[in-house]
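With the hints as constraints, model all of the structure from the sequences given.
There are 2 protein chains.
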Amino acid sequence: MHKWYAWLAMAVTMMDIARDLKVSVVTVSKALRNQGKISAATRQRVLRRAKQLNYQMNWVARSLVTRRTYTVGLLLPEFTHSFFAEVARAVAQTMRPHGYHVIISYFEEDPELEASEADSFLARQVDGLIIATAQPARCLGLFQRIQKRDVPYILIDRPMVGLRASFVGVDNRAIGRLATEHLIARGCCRIGHLRGPGIGIAAERHEGYRKALAKGGQRMHARYVIGGGHGDEAGYENMRRLLRVRPMVDGVFCFSDPVAIGAMKAIQDGGLNVPNDISVVGAGNIHYSDVLAVPLTTVDQNTYQIGARAAELLLERIGIKRPVPPRTILIPPKLVERESTRRMP
Amino acid sequence: MHKWYAWLAMAVTMMDIARDLKVSVVTVSKALRNQGKISAATRQRVLRRAKQLNYQMNWVARSLVTRRTYTVGLLLPEFTHSFFAEVARAVAQTMRPHGYHVIISYFEEDPELEASEADSFLARQVDGLIIATAQPARCLGLFQRIQKRDVPYILIDRPMVGLRASFVGVDNRAIGRLATEHLIARGCCRIGHLRGPGIGIAAERHEGYRKALAKGGQRMHARYVIGGGHGDEAGYENMRRLLRVRPMVDGVFCFSDPVAIGAMKAIQDGGLNVPNDISVVGAGNIHYSDVLAVPLTTVDQNTYQIGARAAELLLERIGIKRPVPPRTILIPPKLVERESTRRMP
DNA sequence: TCCGTTAGGGTAAACGTTAATATATGGGTA
DNA sequence: TACCCATATATTAACGTTTACCCTAACGGA
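In the order they appear, the protein sequences are chains A and B.
Note that my numbering has the first sequence beginning at 53, numbered continuously upward.
Note that my numbering has the second sequence beginning at 53, numbered continuously upward.
Misleading hints may appear alongside valid ones.
Stated by the list, open to error - Straight line, CA to CA, 30 angstroms or less: simulated DSSO-like cross-link-like pairs of lysine-lysine:
1) B/K74 <-> A/K200
2) A/K200 <-> B/K103
3) A/K103 <-> B/K103
4) A/K373 <-> B/K103
It should be emphasised that the hints constitute simulated quantities derived from the structure, not laboratory data.
Treat the numbers as computed from the prediction; the structure is a model and nothing was measured.
If you want it as structure tokens, here you go:
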């Protein structure tokens, strides 16, 4: 029986089709899913009627009984950083062919907000989570809650020590190594480093820088390493400080491209030339790295691959019911030579 | 009775709390929602137990009965364009305080994919939709389907003629006008235009350009207007073509910042100087517009406002049940003067 | 005493789907 | 005819909430 408010835009349900065709709802369900014992004739009738009525599955109802929402949550520190935008693109693109939707939330680097958003995802019964976390070291509460709910999750970009979880990220040591080796190969012998914020990945890039210097037979001078901040303003300020250190550097490895862009501006404002006086290497290969005043030599971190591999790994975990040992995937970075590092001397 | 697989990670439900406290599920539901007739004592007992058991609402079940998912869909042509990333940020940020989540999907400028994703959103019972559509002119099928389902939706950035729907976007004519008037004010008298792809907003910016020229007493030369493409490569190529037109332009209004960046590169590669030989104005004020070789004068389109206003409008529509007349909101753009346009002659 | 009101609960039904099980129907076989 | 099997469809019970309504005890006023 139609409700009195039937004239209101009510979505058509399986019940409507069933009543129409004088069959049961289950028959309709089976026909639409093409599953279970059902005659070809009935199936065709149902399918035709469904198309006529413009029937659309109510996923909320289906999810309630199947306990599958075909939705995964993606939790990011921010949207506008092109790194995360690219990750999001890769995740969505990898998930889509498998019928998954991606809910994205970003938490502005706020651990509290991150936790609350994650809980909210759990309440929405996501099938899995991909997280670039901002939880401080040794704060595993959030992840323990997720594990208790048995929702598979993958960490990306920022690993979490002491946590048995799968991780996908760049090989940050390799970034530091590649950049520094390149500067050495180009003949730099006083190589500085703008090491960015005090987070794990910065430490790893710094370690790569240190190892590469040692392997190249160069000493590391603490005064050549300046840290703090990760925007272009921070890069500008820190480079100005670095320029005052004597003997002056002839090469800088910057934590990120924005930092490098700020640094190049500082060098030019200081009346010096990139790359003739100082070579600059960034990291990230963000868009427009190649349309700058001096196109920036940088280390590409294969951003798309990070998102894609994380998504694949998550899909795999969702498929399996039993817990499987966590995996760590390090995406190898790649040097992109442009014009901010000088030619062979 | 617990199921045999109770040891498996089963989320705790209201039923669990109710059995624990020897009350009915409804009482628990009322307590948690703080609604309906219930004593303060019972409420406290329920709340405490819920916290102890780490209860989390099953939104799928709730949505099924309330017909509200507190989820809105955001349908974008692409992710990585910083304009859309910023819109997404604004939408999410505006929605969050109201308890809404945002599902983002992008369709790579493919109308078919757009339609299929929109249908998928409807199946997931989103409470509303925000769409930057790529449907060709006069293809209203998708929107009619949405309207039949009575799901409120807002168009952003790209209007759709012949559709009674709310729209939020920049005032594109004002962009063209602002940019061109600025070039005129700076003494340019042969102003070209790289007009970008053949879509509506490009036509509007072009119209603003045309009107401003007329108002400034300058003739428009068709040969000074070159179109096609919207990336930096397209900007580079089109600017090369424009440079061959005699008498040579002394100012260019570019459809977008990427196009302008490409154009500046082409000008410099041609041995000319920005802004002394040719002034360049972009549109969009994307990140890094100010760290380029020559910081780019551009027209800021108030991206955040577009997302925020669209979200506010959608929230308003979701609140109302009866249909309300559609509204069009044009966000006024703002000129950002940097160094790619020459000083007063 | 009687009646009406109210506070604090409870019960049953719904939401739209799927999973598990049951009921016809028809054909072959003994 | 009785029996068994296969096939196609129907029935029932979940899934975890909310909503609408019912029940009971206590209280207050006439």
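Here is how each hint holds up against the structure:
| no. | hint | in the structure |
| --- | --- | --- |
| 1 | B/K74 <-> A/K200 | 25 angstroms, holds |
| 2 | A/K200 <-> B/K103 | 15 angstroms, holds |
| 3 | A/K103 <-> B/K103 | 46 angstroms, violated |
| 4 | A/K373 <-> B/K103 | 27 angstroms, holds |
Violated hint: 3 only; the structure is consistent with all others.
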